[in-house]
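Protein chains: 2
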Amino acid sequence: MSGKNIVIALDAMGGDNAPSEICAGALKAVEKYNDIEIVLTGDKEKIKSCGVDNPRIHIEHASEIIDPDEHPANAIRKKKNSSLRIAMEMVRRGDAQGCVSAGSTGAIVAGGVLVVGRLPGVDRPALGVPIPSIEKVSLMLDVGATVRCTPKNLLQFALMGELYSRKIMNVANPEIKLLSNGTEEIKGDDTVLGARELIEQYEKINFGGYIEGNEVVWGHADVIVCDGFNGNIALKLGEGIMQGLKSLLTDEVKKSFMAKAGMVLMAPVVKKLWKRFNYEQYGGSPLLGVNGAVIKAHGRSKSPAILSAVSVARNFIYEKVNDQLEIRNEG
Amino acid sequence: MSGKNIVIALDAMGGDNAPSEICAGALKAVEKYNDIEIVLTGDKEKIKSCGVDNPRIHIEHASEIIDPDEHPANAIRKKKNSSLRIAMEMVRRGDAQGCVSAGSTGAIVAGGVLVVGRLPGVDRPALGVPIPSIEKVSLMLDVGATVRCTPKNLLQFALMGELYSRKIMNVANPEIKLLSNGTEEIKGDDTVLGARELIEQYEKINFGGYIEGNEVVWGHADVIVCDGFNGNIALKLGEGIMQGLKSLLTDEVKKSFMAKAGMVLMAPVVKKLWKRFNYEQYGGSPLLGVNGAVIKAHGRSKSPAILSAVSVARNFIYEKVNDQLEIRNEG
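Protein sequence lines correspond, in order, to chains A and B.
Each step along the first sequence adds one to the number in this note's numbering, with nothing skipped, and position 272 is 272.
Each step along the second sequence adds one to the number in this note's numbering, with nothing skipped, and position 11 is 11.
Since the hints were made in silico from the structure, they are not lab data.
Computed from a predicted structure; not experimentally measured.
Please note: incorrect hints may appear among the correct ones.
For chains that are exact copies, the list does not tell them apart, and a pair is met inside one copy or across any two.
[To be verified] Pairs of lysine-lysine residues, derived as PhoX-like cross-links and limited to a Cα-Cα distance of at most 20 Å, are as follows:
1) K187 - K44
2) K275 - K302
3) K167 - K136
4) K275 - K136
5) K78 - K28
For reference, chain A alone in the conformation it holds in the complex (with noise of 0.2 Å):
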């Protein structure tokens, strides 16, 4: 490997269409990029048979693979071998600046605190989503990583989800609010509260104060702070709606003749919108606050979804995000 690349471990064995759809992404990622190097993770005689023949793709074998089923620490802690321990090893010793999964969200989180590290200064990881809205796509953070947490961690998570919408998804000055339950001031409860007041310290924040479940859709914030309890059933909420409506509506329409017509006619816009609210385009969900660029890639990722994950793990890189967090020592 050259010195000069940025070298990212790929988790070949992880998701519902890996290693061949991994393998596609990675090949594609050196073709788009000259700077970077992957190093694929796996079983190496089924990585080799999907063809990875690139000077800049590297396999490190690992013989066990982490099941979705599994209980992710217990995975990451006893499983040395699996793919997904091996690519995050790669980060933990420099090896890799950064690592991408399709795998398990538990394992990746377990492994980003229990293999990659924490960042100095930052109690707890937050995994980020970017999730498209009405008027921008939004980054809302955590959505599966730290269940409950106190508010100095949600003030954490406002100044990583700050410097990510910035560095990454190119927002000039991110306005940040806490999902709650209401807007007035006299909302939230007491870690809502809490967070409100840490933050508001903050001057270098751009601090909007509370967002409500409807606002999120319209996209009232670039960065939605949340406790991951809440996060993961408000996302899981709105991917289930949007899946429920998509087939109730192809149900109802094969019922009628004359729905079925207006269909046609109205698919460009119908998939147009599907698109635009489909998060799974808008690239790799970042595990935040661990010492190295952690990127989880969505479990039914082809090809173009990995290549987008590694993607958002290269600038991530490139921009040195985590050099950049400043977190001081309070609350």
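Start from chain A and add chain B according to the hints.
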């Protein structure tokens, strides 16, 4: 008033369409049900001018109105002559068995606790809302009465929700689930886990474990139990997505002649789906755990929605729901 009849106090001044649509709803209700009398609370002259001439409709003058922007508890305490407070005082005194309002949710919750009073054994009230899903209409509670909950609060919500689902929503053996960030037992935070342990001890409860955000959409539970913080965010997010899609679709369709023609052909299907998922269609939202039938109608309610909320209050009283709540002293 006849002692045999069910008496419902109806806040004539609450909601976007007060008092005209509230009064029209009252008329519809006494026409539909022979066994109810309605007491409209509010400005006597304004109510009279709406034409509510019926021997089973009465007026109780109230000189004040609680504004949606007022601090709920302060407003309920100070505005003793408000239409909502007077309606709730009637329930407290036993002059009415229930009350209905399309006014401020916060004030209704505050009044439920401070004026009507909690049921013996109930620690905190819960606002339930019937939510339409793909397979059924589920009851979600709490959606805004009790922001953060103890495990015992959630257990009580499960018991109240079970009873309401059975008696008012006519579900034979309702399945109860806890809203969580995953369905596996290792998911959930301490509160949800604690609630799970308490609920599992109740053999009478048909308990199905955790439910995720996406499963809510499919209707994988009859009763979904959560704290008011999560419930409020989830409800508003769902509302927001539906409104957002409607608005985007309308805008996009305008841009294309083909899509416009397609929309005309698809209109019956779209209207059918829209109606099905418009949760305002599904009657009022019960404030459970208070000593009377307190039903919140949506702020945008027109007369059919008011009729629907009054019907729910009538059924709640008729079925003696509160008398059947069995809360053990434990947890």
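Hints and how they fare:
no.: 1; hint: K187 - K44; verdict: neither (54 Å within a copy, 34 Å between copies)
no.: 2; hint: K275 - K302; verdict: within (15 Å within a copy, 36 Å between copies)
no.: 3; hint: K167 - K136; verdict: within (16 Å within a copy, 45 Å between copies)
no.: 4; hint: K275 - K136; verdict: within (14 Å within a copy, 28 Å between copies)
no.: 5; hint: K78 - K28; verdict: neither (33 Å within a copy, 67 Å between copies)
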